[in-house]
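Number of protein chains: 2
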Amino acid sequence: MSKLTDVPKRILIGRALRSDKLGETLLSKRIALPVFASDPLSSVAYAPGEVLLVLSVAGLSAYHFSPWIALAVVVLMFTVVASYRQNVHAYPSGGGDYEVANTNLGPKAGLTVASALLVDYVLTVAVSISSGIENLGSAIPFVVEHKVACAVAVIVLLTLMNLRGVKESGTLFAIPTYVFVTGVFLMIAWGAYRGIVLGDTMKAPTADFEIKPEHQGLAGFALVFLLLRAFSSGCAALTGVEAISNGVPAFRKPKSKNAATTLALMGGLAVTMFCGIIFLAMATDVRMAEKPAQDLIRDGVPVGPDYVQDPVISQVAAAVFGDGTFLFVVLAAATALVLFLAANTAYNGFPLLGSILAQDRYLPRQLHTRGDRLAFSNGIVLLAGAAALLVWLYGADSTRLIQLYIVGVFVSFTLSQIGMVRHWNRHLKDEQDPAKRRHMIRSRAINAFGAFFTGLVLVVVLATKFTHGAWVALLGMVIFYGTMTAIRRHYDSVAAEIAAAEERPDEYVRPSRVRSIVLVSRLHKPTLRALAYAKLMHANELEALTVNVDPADTKALKEEWERRGINVPLKILDSPYREVTRPVIEYVKSLRRESPRDAVSVYIPEYVVGHWYEHLLHNQSALRLKGRLLFTPGVMVTSVPYQLRSSEAARKRARKRQEWNAPGAVRRGPVEKGHKEPAGRNTP
Amino acid sequence: MSKLTDVPKRILIGRALRSDKLGETLLSKRIALPVFASDPLSSVAYAPGEVLLVLSVAGLSAYHFSPWIALAVVVLMFTVVASYRQNVHAYPSGGGDYEVANTNLGPKAGLTVASALLVDYVLTVAVSISSGIENLGSAIPFVVEHKVACAVAVIVLLTLMNLRGVKESGTLFAIPTYVFVTGVFLMIAWGAYRGIVLGDTMKAPTADFEIKPEHQGLAGFALVFLLLRAFSSGCAALTGVEAISNGVPAFRKPKSKNAATTLALMGGLAVTMFCGIIFLAMATDVRMAEKPAQDLIRDGVPVGPDYVQDPVISQVAAAVFGDGTFLFVVLAAATALVLFLAANTAYNGFPLLGSILAQDRYLPRQLHTRGDRLAFSNGIVLLAGAAALLVWLYGADSTRLIQLYIVGVFVSFTLSQIGMVRHWNRHLKDEQDPAKRRHMIRSRAINAFGAFFTGLVLVVVLATKFTHGAWVALLGMVIFYGTMTAIRRHYDSVAAEIAAAEERPDEYVRPSRVRSIVLVSRLHKPTLRALAYAKLMHANELEALTVNVDPADTKALKEEWERRGINVPLKILDSPYREVTRPVIEYVKSLRRESPRDAVSVYIPEYVVGHWYEHLLHNQSALRLKGRLLFTPGVMVTSVPYQLRSSEAARKRARKRQEWNAPGAVRRGPVEKGHKEPAGRNTP
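Going down the list, the sequences are from chains W and S. Per this note's numbering, numbering of the first sequence is gapless, rising by one per residue and ending at 785. Per this note's numbering, numbering of the second sequence is gapless, rising by one per residue and ending at 785.
Note that these hints are calculated values from the structure, not bench results. It cannot be assumed that every hint is accurate.
For identical chains, the list gives no copy identity; a pair is met inside one copy or between any two copies.
[Unchecked claim] Lysine to any residue pairs mimicking SDA-like chemistry, simulated, CA-CA at most 25 Å apart:
id: 1; residue 1: Lys130; residue 2: Asp309
id: 2; residue 1: Lys753; residue 2: Glu695
id: 3; residue 1: Lys358; residue 2: Thr272
id: 4; residue 1: Lys130; residue 2: Glu642
id: 5; residue 1: Lys130; residue 2: Arg664
id: 6; residue 1: Lys537; residue 2: Ala191
id: 7; residue 1: Lys727; residue 2: Arg756
Using the sequences and the accompanying hints, generate a full structural model.
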């Protein structure tokens, strides 16, 4: 079937995979790590900076607390990774936080987690792209001068890519992620070597600046509060850790074990990079301030509003590699790219979560169907629109956007871990094997500690960030929660309305006879086909119906009808105002009034055309009539299509559309084959 | 059926007319005059000014030519009115220029006229509203300071009114038109009385200005050309004369005679007002210039770009009644209102012409149906969009817009009159009665002179205005012509494709057997109804089909199927990627491959809901499946609707929509009852 025109495409993106084959592309750990970890790893590009930024409020002396805060983040990271390793083993189907909370804590907790995650996906896009732009800007000043426009352009680009359905490949993720990780480790190693072995003095571009503290000599409660706020900001490094727990089915076997190993690997890499950057920042005297324009002092004068505060990672790279060197530029580019990839993961995650929520009827049913392009498109456009709005409102300032972040993450961390504790409790009741019980008790202890710790962090984050912007995220969660509850309520009420009664199920809706009507406007092949099909159906009565819109046309039709000797009676309805719909509807209603127990079957000949503009030229009145007939009880409406030659074009488009791959397919893995029904079996 | 909530509406717009009654509201001459004449009469508000404006190019002395130009316009007006009186008698069905040209000169001439008229409708809106704003601005300066915004606002207002379907009433037209006509005549009479009897010196606000001629001492060919250009502009007074010839069926009997009388009345009124205003303008020394900012001199200095040149009618009114007096304001308001009404006539005429063109398959068929709200809406939005674009491009400057105008009018005048000559020639061949022959020869002479004169004017208009903007109008005509030709070609090719062969008409499309498939997702009332209806139809084979999207759901369905003992086999299709459409399509195709002579009938249970947001929650996959199935040959698709309680809301909306009245109904008159088929008759 391949044509010559397809050749360049084949060369570019490889042979088109048949969708049955998709299931066989499982991820090795080597590829799974970059696929899932671009989000958490990329956050080391901004999280260390945020810590210094908050500490600067109390002046330069407060920077000494940063190793302690880094330590707290490391401990938290280990806790979360350890906890999620339990999730991965307990829910190998890739349940994720929503399923864990839903199953163990009930639908309200589940819906809360889902709302939190949806908000978080939006923020992942906004924060990652803003931060990526800032990192790119440290190498290309133009970008940072047109921050909002560039950020929105990247959002638009990612959106178009995802709407078109880019074929995801592990390699696409692997290269920039590994370049980034290697770059950061190289930087840490080279920095350590220069500092410790060579004894060089490395100076960040801002090393000679002074910081004017917002609050001089902070102490006691205020200092603790500030430290907690710095810690909250550092927790941005933990976002995205839960992604692996959604993606277990995408791993090669043994799935759970491989996923757990990847999780541990990712945690290890993230904390090492996080700590390394913090320590290099201390060693090279990076200076960052929350309000750089007024609080950063160069030669005794504030730097003013034109000063652009580069991210900590690029300042460190400038100190270690030298500003503008090859390695500096490569690292800046890789950082930006990994951050954009992290944003892309949200483009995958958002519709995937939507599909799970649709299954539970919290979102429109059609989102459930995987690979349903239309459904994905709506989700993607919604995500992109919300993220672009935030980027625009917050001027693509990652520091201000991060204030909104993390709330959602820790809501879902906490509820998921509480759910896991319940999970183990339930299983412990039935389990007798002492070895397994021991194992479960150990898991429960880990999850309980995780729940306690992440819950504590959630309280800290809410307390320290609520007025700084976390309320916006909470508002977003409330909106999602409300909408999804309303949708579920609608589905439930419809389900109750249409539920079939138990006894004598189909008796009371069964009409006794059926009367068929074929709508005729002119005598051509589509009409003749509709007549032929209607005759096949052996209705109790059959007649053709035409509306007298134009007397001359009607007369000609009647004459041809007789001349051809068509053995179906032709009924002519009057329409003094050249309407089609109303006379037909009224005629059908009158038939129903005459014999209420008869069903009426209306056959409508339809042209099938290939181009949107042809739709404007055909079928409009048939479509409107069909729409109105559906409101008339006791009527069924049959379209008898007649495929015009041009419909071939549409058929080809549809075939092409089938080859489209939904974004996120690689991360999600194939559908479980385990509990599948044998295909094509008849049940008597 | 009337409800309490309807009471205020009833009081406001009167009892809702049943549409059968609409036919009985025929127009008396007293009402017909304002209904049809607001367009031509309103043009006296700007046409005299345009004449002076063009003459000013040669300096103040050229103003002395204005009576001669007025005379030429009067002669032309009498010619055109006399010619159209022949049309009205020859085509009492309200053919209009399109029908006359189409019937007598062939489809290409007809289509040219139609394109010209369509462009003219757009320009009527643009010119009338711009001029209306300028007249209003002479009383309310704010309006003229925000000319474009106000003009677009009026367009939007008219569009919304026409989209909602305002009930047209003769009175709505009559009051402002008669106030305007009375006001102008009062002004002429009072001006004559003051000037001749009292001997007052009346001075227009611009009387003391001097005019700097663009071309000093123009003579010979250049002067003739300028005079012809002034005449062309004056011809704007003739636009809209043809409207009555479209609207003959709306008149009371004797239709043709009444229409001809109204036409004469209108012509008389228009020329009297036109000449009266020109003479008053001369008497009160009105000064107008094409480029007022530089060419109008006040106290030796150009007035500059801030100067607003008021329309001639308001300058004359200021001189006769006094600036800002009650009568001055009333006349300004009535002038603006009549101009807006003139624009409104285009809102009626555009879709009406569209409906006639649709009948001849130059435009989408559905435009043909009268009172089809959707079709009207498209036409109205297209008209309004084009007019708003022109208003915006030309800064709502009526003088610049008038350069585009008139070309279309005279194209249709000329072709229509040539067509009439052919019409009489054809009838003269068969006519023997000498009295009738004499009458016909007289009519032919009038039409021939009309054709010659309007053709001459067309050449003059084209020659003098082409570079001034007439090329834009011609471009518009070419675009309309091209589009309509393409549409017609498409319809013709489809008609050829689907034309039924003469011998053994329905044999070759007739399948031998039919196989019915009921799509099932869950077992609820809609599914049971679809099953019951499908059973009624006695297909050769019947089976239920479900797609295994979720194994648990499928298992539950199968169990319930067996428990209820439904005696239809249930086939389960596998769908590893949770698609619904593809497996069904492929299954249907496989059935067709197995037995190509069988037809497949697919029953789809559908929910009928009442609100747009509910559509988002239901039926999406069914709709898409239906769309795809129609592309598969040999398949018919039956929707078995299940009306949810909420569908009642939609039914109510539909009922309300039926009461909508298409704009233009009053002008068009009822559909001819003459050649109507008796209702509800069966042809064996």
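Hint numbers not upheld by this structure, sorted from lowest to highest:
Hints 1, 4, 5 contradicted; others consistent.
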